[in-house]
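K.L.:
The sequence shown begins at 0 in numbering that gives the first Met the number 0 and counts up one residue at a time.
These are computed hints drawn from the structure, not numbers from a lab. Model, not experiment: these values are computed from the prediction. Don't take each hint at face value.
Unchecked claim - Below, in silico cross-link-like pairs of lysine-lysine (DSS-like), each with a Cα-Cα straight-line distance of 25 Å or less:
#, residue 1, residue 2
1, Lys116, Lys88
2, Lys13, Lys89
3, Lys51, Lys1
4, Lys116, Lys89
5, Lys49, Lys13
6, Lys13, Lys88
7, Lys1, Lys88
8, Lys88, Lys51
9, Lys89, Lys51
10, Lys13, Lys34
11, Lys34, Lys88
12, Lys13, Lys51
13, Lys89, Lys1
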Amino acid sequence: MKFFQIRPINTDDKDWIVGLLQEWWAGPRIVTRGKVYRADELPGFIAIQKNKPAGLITYRVNSNECEIVTMNSLVERTGIGSALIDAVKKAAGAAGCRRLWLITTNDNTAALHFYQKHGFRLVAVHRDAIGQSRRLKPEIPLTGNDGIPIRDEIEMELIL
0 MKFFQIRPIN TDDKDWIVGL LQEWWAGPRI VTRGKVYRAD ELPGFIAIQK
50 NKPAGLITYR VNSNECEIVT MNSLVERTGI GSALIDAVKK AAGAAGCRRL
100 WLITTNDNTA ALHFYQKHGF RLVAVHRDAI GQSRRLKPEI PLTGNDGIPI
150 RDEIEMELIL
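The whole structure should be built from the sequences, with the hints applied where relevant.
P.N.:
Have a look at this one:
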């Protein structure tokens, strides 16, 4: 039995979304593959648990591809992350997308585990791409999880 609901984000969620993005992503500007996106302006889904936000996923559709731009589950091992991914899969399918993809960084071993468990495959390692990203967003830290230097973008995909 799920103890949370997933719904599309709306304008009432804006302040919470900006706060979450500031805390987890150093602000709403997200850089992937050398491009800057405002995650607070993208479509997405929010998880609600006990009347409080418990997760967020944002995405963008481009032609027949859908990119997951951000994903945060604030309560781990409850199915929230999986439900957020499922919601984007459905939205991507409805938009005619054939590929769902994302970028994570080399330090984010938990994300690599999570996405592979959900059928995503590693398709590219963009070596030293974070150096270029830091020129666009200097707030990106030099080190990440477990003190690992953040250097590379790892591209993962799921064919729909």
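K.L.:
Hints numbered earlier in the text: which of these fail when held up against the supplied structure?
P.N.:
none
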